[in-house]
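Participant: Take a look at the letters that make up each chain.
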Amino acid sequence: MLDLFYIAALNIFRNARRSTITILSIAVGCCALTCFGAFINFTFEGLRETTIRTQLGHMQIYAEGYWEKHVSDPASVMIHDVSTLETALEGIEGVSTVTHRVSFSGIGTTGQASVNMSVTGVDPLREMDFADFEIVVKGRNLLPGDTQVGVIGDELAKGLEAQIGDWVTVMTTSLDGMLNAVDFEIVGIVRTGSTEYDSVFAKVPSDLVQTVMDTTAVERVVVMLDNTADLPAQRPEIDATIAALPEAYETRQWNELAGFYEAVVSLYNGLFRIFSGIVAVVVMFSVANTMTMAVFERMGESGALRAIGATQGTTMQMFLNEGLFIGLLGGTVGVILSLLISWGIEMIGGIPMPPPPSMSQGYQAFLLMTPAVLAKGFVVSVAAALVSSIYPAWAASRVNIVEALQKPC
Amino acid sequence: MGQISLRSVCRTYASEAFSLTVLDAADLDIPDNAFAVICGPSGSGKSTLLNMIGALDRPDSGTITISGTDIATLNEKQLAKFRNETIGFVFQSFHLLPVLTAVENVAWPLYFQGVKRRERMEIAREKLALVGLSEHANKLPGKLSGGQRQRVAIARALVCNPRIILADEPTANLDRKTAQGVLDLISDLNAHHGVSFLCATHDNLVVEHARQIISLSEGKLHMQEVLNLSEVAQHA
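These protein sequence lines are chains R and H, in that order.
In terms of this note's numbering, the first sequence opens at residue 1 and continues consecutively.
In terms of this note's numbering, the second sequence opens at residue 1001 and continues consecutively.
Read the hints as simulated data drawn from the structure, not as lab findings.
All C-beta atoms in this analysis are idealised placements derived from N, C-alpha and C, irrespective of residue type, glycine included.
Computed list of chain H residues with no C-beta within reach of chain R, every gap over 10 Å: (1) Ala1014; (2) Leu1020; (3) Asp1032; (4) Ser1042; (5) Gly1043; (6) Glu1122; (7) Gly1147; (8) Asp1175; (9) Leu1185; (10) Val1226.
Calculated cross-link-like contacts (lysine-lysine; reagent style DSSO-like; alpha-carbon spacing at most 30 Å): (11) R:Lys407 to H:Lys1081; (12) H:Lys1143 to H:Lys1177; (13) H:Lys1139 to H:Lys1116; (14) H:Lys1143 to H:Lys1116; (15) H:Lys1081 to H:Lys1116; (16) R:Lys407 to H:Lys1220; (17) R:Lys407 to H:Lys1077; (18) R:Lys407 to H:Lys1143; (19) R:Lys407 to H:Lys1139; (20) H:Lys1139 to H:Lys1081; (21) H:Lys1177 to R:Lys407; (22) R:Lys138 to R:Lys158; (23) H:Lys1177 to H:Lys1139; (24) H:Lys1077 to H:Lys1116.
Now the stretches of chain R that chain H is said to cover, found in silico as 3 or more residues with beta-carbon under 8 Å: (25) 4-16; (26) 297-303; (27) 307-321; (28) 399-405.
Let the hints inform the model, and build the full structure from the sequences given.
Facilitator: Shown next as structure tokens:
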């Protein structure tokens, strides 16, 4: 087998210019694929971390039955012993933040306009890690010790025509269904990254929300880890800790709650598959052209090989090896090229990108090269080169020996 | 029955415009250790006969038996093995692989027998020495003269120790001096190594060295035994 690779390698460089062009075309295809994959990786990572660190955390813990009853009977699915739960979770290594939230929807007004709002009550002290991912456009974020103040999304501020220092009144119902209202002073206008979320988002101290809802309980406890990648490893310990507590809970991981993230991943993955297909076709045409020329030019050689004892299978293998070799070389050059481009983008500080759909601001894009994305580009290139060699190799193995020997070597 | 035996072999080239019968119920027996030449004008079917004996082409009808094997009974894999082990080919245009050195070219047929590279190269060097090309073992064919390339082709044909070597116009691309050298080599291999040679040629120099002359006329084969000068001297 090694000898067949050896002769394949020698044959590739017989027509150095043609082989170089083919290898470069594969390399460009591979590079385009890996760079696109790396860009998607970067986008996924950015969106994932934004979703986790501004809204969802890595895990959320609810009272048992929350997802069945939180609309019909929210009072029955509140967490009452929140301090025990938070203390237990804080003791787990790798958990960076544990906080609780209690939220309600209502109609808010500053006297200018009335709009729908989603008000979330948080513990300002525990919420500091989440707040880091919110961009404060005006004013400030919540601080420990705050009582009757709140921050709102900048889209909501536009809807309310509100400024820092304005008071917002939000009408809602308490947990037992009584109409109630709460006032808070706007101390900050923020952006979470999501335009949709910014148009309803309001954050106030949890005590304020508990007062208006007439409860001392919370709706959910949010857990954030140091690293998202550690979640699968830490999940069993978190589950075990929760299971050991007297109250019964149920949990959701961030990806089970992030519908938008999943939709984006699905869309981008679809695009990546289509792009992979296009690149594969381009590579296949390029390699098929080169291999067909090689087979045609080396007809006499194929005939001679068959005459001295090569089987059809061996002859086919020889040409397939050439396709494989071209693919391996093209893929390797492509991977090196991708890494260089990624490094270059890193050096210039990223590529400025406009705001993505439903996002409120643009960002600097980088290429997040991972072994998986490099491997994908490489494998697609090599596979396309190999597949496109099958027909020329088959044709070479089926030449009429006598006719082939009429051609020179 | 000889080492090479043809019975009622027919071969016709047909197209829409014309039909040409090159072998018409031809019979032939070539003995062991023969040095036979097939003579005839261009287009008479010399190469066709050689190709059929070498299992590169099949007759329309009739039987070709080589060393007791009816080659029509062999499948594609068996034919490849047969060509590799039983027959050695020397082509008019040498057909050496240009990317391989002389010794690698000679060694290549042994690859198909599964012989390890080191052993293959050792055997190939021996065969190159036999044809007087030890010093050129590591040269690419492009760096060799026509005569040297023909010698490499002969060494390649010999490397699997075949019983028969088929040569199509082995001197066609060589000058007279080189042709004489190649023929001396073939004669020596035939006389001292028991290798049968069957050459298609219209070169009188080759005919002069042959012990059997096969003429091809109107689709029929006729073989006549001849004594060359050295044998005449021996008999005298």
